[in-house]
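Asks: Protein chains in written order, with my numbering: chain G, 14 to 377; chain D, 1323 to 1641; chain R, 1323 to 1641; chain Z, 13 to 515.
Everything labelled a hint here was simulated from the structure, so no lab data went into it.
Yeah, the Cβ is synthetic: ideal placement off N, Cα and C, and Gly gets one too.
Simulated crosslink set (EDC-like; lysine to aspartate or glutamate; CA at most 16 Å straight-line): (1) Lys306/G <-> Asp1478/R; (2) Lys333/Z <-> Glu277/Z; (3) Lys150/G <-> Asp1489/D.
So the derived list for chain D, only partly shown, Cβ under 8 Å to chain R, looks like this: (4) Leu1452; (5) Val1453; (6) Leu1455; (7) Gly1456; (8) Val1620; (9) Ser1621.
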Amino acid sequence: SVSGTTTEEAVDSDIAATVDAALAALDGQVLSLGPNGETPSGFETTEVSDEDLAAIKAGGFTAAIVMHYGGNDWATAQIEGLKSEFARLGIEVVAVTDADFKPEKQVSDIETVMALNPDIIVSIPTDPVATAAAFQKAAAAGIKLVFMDNVPAGMVGGQDYVSVVSADNKGNGVVSAHLLAKALNGKGQIGLIYHDADFFVTKQRFDGFKETLTQYPDIEVVEEKGIGGPDFAGDAQAAATALLTKYPDLSGIWGVWDVPAEGIMAAAREAGRLDLKIATQDLGTNVAIQLAKNELIVGLGAQRPFDQGVAEARLGALAMIGKTGLPIFVAMGALPVSHENVLEAWKTVYSVDAPDAVSSVYKK
Amino acid sequence: MTNSIVAPALNLLKRFEWQKNIIYIGFVAVFILFAVTLGDSGFTNPNNLLNIFRQVATISIMAVAMTFVIAAAEIDLSIGSIAGLASVVTAMTLNTFGLIPGILAGLLVGVIAGAISGGLVAWLKVPSFLVTLGMLGLVVGIARWITASAPVPIADMTYVAIFGGGDFGPIPGLLVWALVAVVLGAVVMNKTKFGRHVRATGGNLVAAGYTGVNTAKVKFTVLLMSGVFAALAGMLYAGRLQSGRFQWGTGDELSVIAAVILGGTSLFGGRGQVIGTLFGALFVGLINNGLILAGLDVSQQQVVRGAIIILAVALSRKK
Amino acid sequence: MTNSIVAPALNLLKRFEWQKNIIYIGFVAVFILFAVTLGDSGFTNPNNLLNIFRQVATISIMAVAMTFVIAAAEIDLSIGSIAGLASVVTAMTLNTFGLIPGILAGLLVGVIAGAISGGLVAWLKVPSFLVTLGMLGLVVGIARWITASAPVPIADMTYVAIFGGGDFGPIPGLLVWALVAVVLGAVVMNKTKFGRHVRATGGNLVAAGYTGVNTAKVKFTVLLMSGVFAALAGMLYAGRLQSGRFQWGTGDELSVIAAVILGGTSLFGGRGQVIGTLFGALFVGLINNGLILAGLDVSQQQVVRGAIIILAVALSRKK
Amino acid sequence: MSQATVNAVQMQGIEKSFGSNPVLKKVDFSVKVGEVHALAGENGAGKSTLMKILQGVYTKDAGTISVAGVPVEITDTFDARKAGVGMVFQEFSLIPTLTVAQNIYLTNEPTKFGLISDSKAKEMAAELFEQMQVVVDPSSTVENLPTALWQLTEIAKALAQDAKVLIMDEPTASLAKHEAEALFDLIVRLKAKGIAIIYISHRMDEVYRIADRITVLRDGVRVLTESLAQVTPVQIVEAIVGRTSAAHLVHLDRSSKISREIVLEVENLSSGTKLVDVSFSVQKGEILGLAGLMGSGRTELLNTIFGVAKANTGTIRINGKQVKISSPREAIKNRIALIPEDRRSQGLVLDHPVTENLTLPVIDSLKSRGFLSTKKILQKSLEIIQQFAIKAAQPSIRVGALSGGNQQKVVIGKWLATDPSILMMDEPTAGVDIGTKSEILDLVRAIADSGKSVILSSSELPELLAVSDRILVLKDGKVLTSLQRNEIPNEEFLQLAIQGAQK
Ligand SMILES: Nc1ncnc2c1ncn2[C@@H]1O[C@H](COP(=O)(O)OP(=O)(O)OP(=O)(O)O)[C@@H](O)[C@H]1O
Ligand SMILES: Nc1ncnc2c1ncn2[C@@H]1O[C@H](COP(=O)(O)OP(=O)(O)OP(=O)(O)O)[C@@H](O)[C@H]1O
Ligand SMILES: [Mg+2]
Ligand SMILES: [Mg+2]
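Build out the structure end to end from the sequences listed, making use of the hints.
Replies: If you want it as structure tokens, here you go:
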């Protein structure tokens, strides 16, 4: 099998400098606009003052969390952020649901949790059109709605719902493109593995990535392969294997989030291509380990799901005590993560130290 | 005087077949359990109870047809995909040609897919498992292809009102659709020649053939019926979700088959209990609803739901 | 002289049962088709052929055990979940207690889940469809619960090398595992008393009982076996993906059952063709691989795959 | 043409092969209106196949059929029904999951307001059974009924069709005398109504009792058609087996072969309400016959000893040692074998090859180097096939494709191969042809002669009287009496004993 890792190779200083400059310019920036073109506000705009905190605690409010899917690090961190902040605010979380990506299930879930009469529902719509009627009903019942990433079609911020708190998905795509370009030294053949579904979040990443790639004319995209799931790791593995078979000179693959990236990693290992450079989005445990080892994964754009959850909880609570003028679109800038900063990045993303599995394998 | 009432009642109780009717007992038991423990959480709220019906309506409709398919000792794995394709075809046709063409186009999806599977199973005598598995992929692939995986919004509010989005008076439209399907299914299964022949075909194919039952036609018809009911379910999804999308219905086949089997229909054919099927679907819907109201985590919900199903099934066979 | 060779060969050809062996013919036909049309895309590249094996290895392993389950006229829907739980339990135990405890813990998952399902099916005589459906939810729920839905990385490279991540000489480890499972399965099915008893149990439960076959034990054993093989598959997923995760194996039950039925085993029991099962899995793997290499969209892949399966099945019954 | 000379059915030059196996060779066959025409022949001679062609189950390869003088093309059972042909099938055309009444009126369901009415079907079925003078509950589910009741239901189903031509394929194979008599009365009445009846049977006495003419098939060729008034039983048997043979069921005294040693001792055995306090014993070398009416508990007794049915109380001793048998496995370990009553549901895996069915109980002994040996399995199968003259195209053919009698032989062969020391047989010769029947009975004697014990339950009294050394009469699950063979002067005596008229 082929050996060799990314570190030893000389990085063309020009490209590296370009990338670093681009990333520096991105810092603190949010590239995505709100669902209705709103300009984003930052995390700091969601602070809760002491007197507000007292008022919230006095209210004895309840909240329900209606997820589109609950089975990944991102969702877990969101729920963690929500639960910990709600607890701090003295708000009881009465239900958590998982629609398993099925809008009809999510509609049922909304109907079901409404029987609990929660004051706040925090949710991410599985499908903006399909779930709109159900969310409208909840809004009409006087429930304060706070959304993650995406809002139901036809609903107006500040009116039908309190606010939407989003990651900068487009920015994440942009970041991963820059980091891959840096690792590839600005040239080479790459393949893309995207989510073949009309899904807002993953589409934005794909767009961001591809737009940014035009800045690196020597990088050639040889083929784009869609994956449909539900076995995203397996599908990505099959797709990556096909890419590596068809294009023996392939130097990099972009995967749309960390689970597909794990499939790509497995394919690379099986093909004996430990020199393959993989870029992705989302700081999952397994990709973090590879970053720490400086192997296969060269960089990714991370969201901050924990903070997102905190912000959502705060916005919901503030709306309950009648605060007005709350930001209707809050976004957290994309966080570029590479080998160098993976441990700090973990802390930023999850508000805890990186687990042993990651920190213990960190290759200085 | 009293005796004349008590004796038949006791008799009825004695003749009640516990094992076959476990689903009703299970349903009542779980209902009481939830009513007692979750009373505060709004479980017994009439609106919540209607929700349960609403949530299982589409599954129930597909499960009625599946009861016939399984009673005939066949299976249909393609229903979820047919629902998805029917939803997008209805939505697309509706937007271009109007209400009636939209409805017809949706149903036609079910007719075509069901007829192809049914024809292959009935006359080429190939296993329905494989044919409908192939159909599952084929149909969902088409649905993705023609929509580029995107949703097709439905603006026609008449359609939405009729197909699952509206209420008929105080009763949710979905509930009406489901009850019509169940009543129709129960009558056809128990009170018509066709229903009888379906069970005969599944009970013993050779003997049914010897007796002059057109077993090929029976198999064709049940699969056709399953396709049409699946298309209807897809159209109800489209109405409820105000859009057509290839995913509507994905994975429903397992829930549908589970409802049928829980309801007392044997996977080996020859038996078919349509009312049982409805309760099978309601049973699962009830558990889902109650566990969410109980505030359990998603993983805990899965564990408890699995355990309840296993327990119910195990108890059904205890002496 | 020549006649003595030609005649038996012709005889063999005549006696070849086309219908039962369609899977081999289908496999060869599709293989040739792809080899001709996709030669440039590296389809016939030895490495790619190994890839196909690698991709279907875990499915094949589960399918070997499923062949026994289905031959005994039962079904196991919980295999995907068991694989997921085994992957996380192995990973967690491995990280804390080391290699051997990790391996044992993973297998234990399969033993426990399989024994519970098997026990209920064998001695309480409840339908395996429902028991294993409940088990499906229960097991995956536990896997999510203990991991908080997060992946559990595996750092132990010995484990990874043995379980699917490494090669044995030029041969991928996964391939070795799969072949061992298939050969073992084929021998047990055709050359041992147990295999014979499994098929008798599925062929006619009552008659098998009258003949002294311990049908309850047979049913228990096949479900136990299915649990253990599923756990092994989960451990191979864990090795291959260097982590345990509740999702590994999700939805595999359908692919596994499809491989078994494509391979010529009847869903109604009594028959069991282990080698056919392998080719059933390879057939689907081959199609997937070819269609991806051909550069088709997901939707197009689904359509073509569905059509090929329907076509193959339909042709299998043509006179 | 007068009524009496019109052929209700005329089949000419009928040919049929299954694969490369020719089963019917240019067979001519006709039945007159109001005639009972017996069809006889060895197992596998082609009787059922010929009749299934008439019933539209199989399509003929060549030949013509006319019904009531009109040529008809019968391609499915529907055509046959339209032509007025109905059939009592040998392997039963019943749906186990439906009730008796639902089965009887399947495809012919009585309706009320356009919907089928099960209560009406139930009433009609009850009437039908009354005519047949038998007691069957029309609302019980068929799968829960004993074989004899399946057969009665099957007959009722054919009668319900109001057919002009009624085919009965061994309708009495598992019926006892009483039910058979009722059927014969019915046949006489049907005949008087001008219905033509084709009656397949291996029982010579029945044939003489009710039939006007007989046709014999041998190996798919018609070898005899004659009025019964003009043919002797010896001639018929000769036509059937193709040689002169004295296939008489005569009793041979075996008292010298019976040792005093008691092999099986059953004491106070009860099982549910079907078996009450049964005690008896069997000696080494003895053949014990079990007699009784339908439902008297013979099957229940054998099943309880074999561990299929659960015993509530009682003890079983084998060679003086008390044993606990709660499953067939334990029975087999104690070297007991049971040839069960219903070959199709209890005896065979119909979809499996003959070889696999024959060797299932002895599979352990057919290994080489730890694995099953295909060669040994085939050898053993061929041995049994030869011993019982089982007619199978190849040993690998699925057992479901064999003729009814040959299926029964497979069940007998498979159990005798286990070399049991206590052999229990429940209606073992149901559907077996005359030649084979006497061979089987000879074999039973030989088995007993070699120091084994045999318990044989049969509704065919001549057969029972021919082999038994002693007969245990059961009624309502209790032992009514135990008679030494030499205490029974004739069949009538035994018949009365069974009905409980004699103490
Ligand atoms: N479906 C079938 N496929 C192949 N062979 C068959 C089939 N049905 C009957 N046979 C063969 O045809 C021959 C005649 O069978 P048939 O059932 O007509 O005999 P039969 O005279 O009724 O015998 P029995 O007295 O045992 O009932 C047998 O050798 C049998 O194996
Ligand atoms: N006419 C009937 N209607 C309903 N059930 C009956 C009838 N006759 C018998 N049975 C049931 O079938 C059982 C038959 O018992 P069993 O088979 O042990 O009797 P048997 O003497 O062997 O008679 P058979 O000739 O039916 O084999 C009875 O216990 C009874 O429950
Ligand atoms: Mg016959
Ligand atoms: Mg009996």
